[in-house]
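K.L.:
This is what each chain is made of:
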Amino acid sequence: MKSFIEYIGSIFKGIWTLLIGMKVTGKYFFTPWKNVTQQYPENRDQLVMFERFRGEVIMTHNENNEHLCTGCGICEINCPNGSIEIISKSILTPDGKKKRIIDQHIYHLGMCTFCNLCVKACPTGAIVMGQKFEHAVWDRSLLTKVLNQPGSKIEEGVKE
Amino acid sequence: MAFNIYDFSNLTHTIHVGLQESFSPFMATTLEWVIVGTAYLLFVALFGLLLVYAERKVCAAFQQRLGPMRVGYWGLLQTIADFIKLLMKELIMPRKADRFLYNLAPFIVIIASFLAIAVIPFAPGLQSLDFDIGIFYLTAVSSVGVIGILLAGWSSNNKYSLIGAMRSGAQILSYELSVSLSLLTMIVFAGSMQFSTIVEQQRGAWFIFSGHVPAIIAFIVFLIAGTAETNRGPFDLAEAESELTAGFHTEYSGIKFAFFFLAEYINLFIISAVATTVFLGGWMPLHFGNLESFNHAMDFIPPIVWFFMKVWVVIFIIMWFKWTFPRLRVDQILTLEWKYLLPINLVNILLMALVVLTKFHF
Chain A
33 MKSFIEYIGS
43 IFKGIWTLLI
53 GMKVTGKYFF
63 TPWKNVTQQY
73 PENRDQLVMF
83 ERFRGEVIMT
93 HNENNEHLCT
103 GCGICEINCP
113 NGSIEIISKS
123 ILTPDGKKKR
133 IIDQHIYHLG
143 MCTFCNLCVK
153 ACPTGAIVMG
163 QKFEHAVWDR
173 SLLTKVLNQP
183 GSKIEEGVKE
Chain B
5 MAFNIYDFSN
15 LTHTIHVGLQ
25 ESFSPFMATT
35 LEWVIVGTAY
45 LLFVALFGLL
55 LVYAERKVCA
65 AFQQRLGPMR
75 VGYWGLLQTI
85 ADFIKLLMKE
95 LIMPRKADRF
105 LYNLAPFIVI
115 IASFLAIAVI
125 PFAPGLQSLD
135 FDIGIFYLTA
145 VSSVGVIGIL
155 LAGWSSNNKY
165 SLIGAMRSGA
175 QILSYELSVS
185 LSLLTMIVFA
195 GSMQFSTIVE
205 QQRGAWFIFS
215 GHVPAIIAFI
225 VFLIAGTAET
235 NRGPFDLAEA
245 ESELTAGFHT
255 EYSGIKFAFF
265 FLAEYINLFI
275 ISAVATTVFL
285 GGWMPLHFGN
295 LESFNHAMDF
305 IPPIVWFFMK
315 VWVVIFIIMW
325 FKWTFPRLRV
335 DQILTLEWKY
345 LLPINLVNIL
355 LMALVVLTKF
365 HF
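Protein chains in written order, with the numbering used here: chain A, 33 to 192; chain B, 5 to 366.
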């Protein structure tokens with residue numbers, strides 16, 4: 033008798049759990065305005081990417097064309113597939129000291145897996161993940177980018 | 005020619021008489037066959053395309069997507085484009101496949117579906133076969149399709165196809181029982197196996213209302229077993245894409261694959277149409293006891309619209325099943341049938357017999 037009650041109970045429990053599942057999908061079906069599909073080429077102008085979206089590595093510059101990169105090379109060490117190359121140069125500071133600064137921060141977009149490790153490792157927060165995702169180009173060489181803008185220099189007061 | 009959207013029997017009768025007058029009896033009968041056959045072919049092809057489109061849209065909505073949007077307005081021409089693509093594909097024959105059976109299998113599957121669709125009453129006068137053993141005929145021919153599936157799996161010379169076909173065979177044979185028993189419950193209630201009689205008896209109230217508890221249980225069991233019989237999800241382990249690539253139709257391409265695909269969707273339509281006819285009153289409008297004005301307003305909607313409205317509702321529910329539930333394992337499928345659906349069905353028939361004997365129905 034006990035097993036019979038369990039049998040009947042299992043039927044109703046089974047139906048109940050199925051109904052819960054159908055409620056979840058039914059809610060999706062009857063709220064079509066919450067659809068996540070983006071009609072991409074048509075809504076290109078209104079398209080807003082998520083904040084967490086990783087499109088490419090960029091280096092932020094302020095209005096005086098200054099960045100935060102010290103050329104330490106930690107991002108290069110941290111990159112698992114060698115997408116970043118740091119070319120540094122030595123300059124003489126006004127007080128006569130030799131100082132190593134960034135010459136070219138080279139970023140190979142074609143090799144990047146957007147793992148975010150370089151951004152996490154950067155001690156000064158010089159590089160961040162950008163939201164641009166339309167990276168199609170006609171030539172592979174165009175995928176190699178220099179992140180620091182020409183003529184830019186390091187912002188005052190950034191600790192080495 | 006008297007065309008009346010509420011009753012097609014005048015129209016069909018006029019065509020019949022007209023043909024009889026202008027041709028010899030033999031020619032007239034042949035022409036009628038051709039006309040009816042063409043009508044069914046057209047209906048099945050168009051409805052199949054529509055169903056595929058609806059399936060993709062419904063599936064998309066359940067997953068918070070939009071579905072096909074590019075070809076035509078809201079992707080309306082998508083399935084037609086897919087069909088043209090399928091027609092242009094090369095027909096590939098696997099090496100060492102059983103040539104004759106390999107070519108025969110898709111036809112058996114689709115012929116079984118065509119045979120079954122013939123007894124469905126679409127509207128008054130729109131039913132090509134009205135046997136007095138209609139439901140028996142339907143269950144008989146709809147199980148012929150499994151032969152085609154088994155042949156397809158066996159003749160493909162592919163182990164995954166064979167596994168898929170065997171699973172499908174076990175599944176359809178088991179669930180055929182539940183489908184038949186739940187229909188039998190309603191036959192006990194209706195006292196007839198003839199589709200036209202069954203529909204006519206639901207003029208006052210649909211069977212699912214007048215038969216109350218046992219009818220509702222039978223309806224649920226029929227929906228579950230019917231979904232299993234059409235090899236649709238969550239019972240689609242015969243073609244389990246992730247395990248068996250596509251089951252019995254792995255090796256088929258082009259138009260032969262299209263036949264299997266079409267047959268699957270016709271079977272979906274047939275199951276829904278039978279559920280509509282037996283439980284939801286066929287083409288009968290919704291009537292409530294003595295609400296005269298409401299009943300008259302419902303009568304104003306043509307029967308064929310009623311029929312397709314109900315069919316679409318049932319199809320939607322079956323699609324809802326497919327896109328909600330995960331696929332069952334093969335032992336779970338047999339457990340569900342033999343340990344749950346079958347005993348429930350047997351008890352349910354007794355219950356229905358009691359209801360009929362005590363006249364405890366509306």
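In short, the hints are calculated from the structure, not lab data.
Here the structure is a predicted model, which means the values were calculated and not measured.
All C-beta atoms, glycine included, are put in the ideal place defined by N, C-alpha and C.
Errors might be hidden in some of the hints.
What the hints assert, rightly or not - Selected chain B positions facing chain A (in silico; Cβ < 10 angstroms): (1) Gln67; (2) Arg69; (3) Ser196; (4) Phe213; (5) Ile220; (6) Ile224; (7) Trp342; (8) Lys343; (9) Pro347.
K.L.:
Each hint: holds or not?
P.N.:
Hint by hint, here is what the structure shows:
no.	hint	in the structure
1	Gln67	7 angstroms, holds
2	Arg69	5 angstroms, holds
3	Ser196	31 angstroms, violated
4	Phe213	21 angstroms, violated
5	Ile220	12 angstroms, violated
6	Ile224	8 angstroms, holds
7	Trp342	13 angstroms, violated
8	Lys343	8 angstroms, holds
9	Pro347	9 angstroms, holds
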